[in-house]
Each structure stands twice: as structure tokens, then as C-alpha cells.
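Line by line, the protein sequences give chains A and B. Heads up, the first sequence is in the working numbering, so the first residue is 1 and it goes up one at a time. Heads up, the second sequence is in the working numbering, so the first residue is 1 and it goes up one at a time.
Worth flagging that the hints you see were computed from the coordinates, not collected in a lab. Just so you know, these numbers come straight off a predicted model, no measurement behind them. For every residue, glycine included, the Cβ atom is placed at its ideal position computed from N, Cα and C. Honestly, I wouldn't trust all of these hints.
Chain B residues, not near chain A, derived (Cβ > 12 Å throughout) [what the hints assert, rightly or not]:
| no. | residue |
| --- | --- |
| 1 | Gly28 |
| 2 | Gln41 |
| 3 | Phe65 |
| 4 | Gln80 |
| 5 | Arg81 |
Label pairs and their computed distance ranges (CB to CB) [to be verified]:
| no. | chain 1 | residue 1 | chain 2 | residue 2 | range |
| --- | --- | --- | --- | --- | --- |
| 6 | A | Pro79 | B | Ala54 | 40 to 48 Å |
| 7 | A | Lys61 | B | Gly28 | 22 to 30 Å |
| 8 | A | Ser14 | B | Gln41 | 24 to 32 Å |
| 9 | A | His82 | B | Ser53 | 37 to 45 Å |
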Amino acid sequence: AQSVTQPDIHITVSEGASLELRCNYSYGATPYLFWYVQSPGQGLQLLLKYFSGDTLVQGIKGFEAEFKRSQSSFNLRKPSVHWSDAAEYFCAVGEGTGANNLFFGTGTRLTVIP
Amino acid sequence: GAGVSQSPSNKVTEKGKDVELRCDPISGHTALYWYRQSLGQGLEFLIYFQGNSAPDKSGLPSDRFSAERTGGSVSTLTIQRTQQEDSAVYLCASSLAAGGGYTFGSGTRLTVV
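Required output: the full structure, derived from the provided sequences and hints.
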């Protein structure tokens with residue numbers, strides 16, 4: 001069965017510092033992988049997704065993620081964090097075509113300090 | 001519409017009452033999903049609709065929960081005889097094709113008192 005682990009519940013970084021949010025998945029075949037961001041009181045917004053091809057994917061707001069099959073990971077990165085990046089970040093895995101639903105991690109809350 | 005619309009945005013109900021939550025997906029999106037987000041938890045899959053196929057109800061937590069999708073568009077999630085543990089944010093999402101990236105609505109925050 002698919003599952004997603006986000007080992008960091010809460011991360012605090014200084015504005016301008018680099019960021020890496022960890023995501024590990026469990027899935028037998030090639031997964032479809034997603035990162036979503038949820039600002040307070042808002043729905044989830046898609047940051048980026050990986051289906052196939054280049055394992056380094058670029059997303060919106062300056063985020064990128066790298067798919068590493070050997071480590072079953074899909075970590076999210078940003079070279080320089082802005083105060084507006086403070087939010088909850090969710091990693092998700094899906095089956096791809098014919099998929100019924102996505103499986104989400106429990107999320108990582110990002111706090112940005114001045 | 002331009003995005004996924006959910007109503008109401010907030011709902012407070014008394015324990016034991018029934019509630020209906022509405023989701024208007026993006027026009028043309030064939031797949032529609034309901035998720036539940038409890039405080040401090042990830043997203044819990046509830047139900048999935050794809051076109052005219054029978055819905056995948058495998059995530060519904062009890063028979064008090066049901067959902068329908070009329071005309072392949074608007075969906076209603078109904079919770080009967082609400083309990084305090086039903087308090088959560090209920091999120092709806094739609095996508096062009098199953099497995100694609102979702103577009104989420106802003107959710108309905110349900111509070112059962």
C-alpha cells in the first residue's frame with residue numbers, strides 16, 4: 001500500500017536561508033509525486049509534481065524537488081526562504097493513470113523568522 | 001468556474017444533526033475527491049468520483065457519511081447524526097483526469113458542538 005512519511009513536523013528557518021523539507025514514500029511502482037502548500041485558512045495549492053523524466057522538477061514560488069528512487073524520497077528545496085513561505089507543506093503520492101486518490105503525508109509546518 | 005468552490009466555509013452544528021457540504025468543481029474536471037483534515041493530522045481520503053463510474057467510497061469512516069455527484073459536476077457530502085469527532089476541515093478537489101494534480105477548494109470547517 002502507498003504511504004508517505006514527512007519526518008519533520010515543524011521546521012524553523014531564518015529568512016534568506018535555504019530550506020529542505022523531507023518526504024519519503026512507499027510504493028511498488030513508479031509513483032506520481034506531489035508537493036502542496038497550505039497557508040492558514042486556505043485550501044491546498046500545488047507547488048510541483050513529478051510524473052516521469054527529469055528527476056529534478058521545478059515548481060512555483062522558486063521551489064524545486066528531486067525524485068530519488070534509490071532513497072524513495074522526494075525532498076522539497078528552496079535556496080532562499082521568504083517570510084511569505086511560512087505555511088504547512090504536504091507531500092503526496094499517487095498511482096498515476098487510473099489512480100483513485102492521492103495519499104498525503106501528515107505535513108511539515110514551516111516557520112520563517114526575520 | 002475558475003476554481004473549486006466549497007460551501008459553506010464554516011458550519012457549526014449540534015451533535016446529532018445532519019449536515020450537507022457542497023463542492024462545485026472546476027468546469028470540465030471529471031474527477032472529484034473529498035478529503036478530511038483534522039487538527040494536526042494529514043489529509044484523510046474519503047471518497048472519489050470519476051466521470052460516470054461508481055464512486056470509490058473506501059475512505060468513508062462510517063455509514064453516517066455519504067456523498068453524491070449530480071450530473072457529473074456538483075457534489076454533496078452528507079454527514080448524518082454528527083458526532084464531535086466529525087469536527088474537521090472537509091476539503092474538496094477536482095482534476096482533469098484521475099491521478100493528475102488536484103485543484104483544492106478552500107474547505108468547509110465543520111464544528112460539532
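Worksheet item: Any hints this thing doesn't respect? Which numbers, in order?
Response: 2
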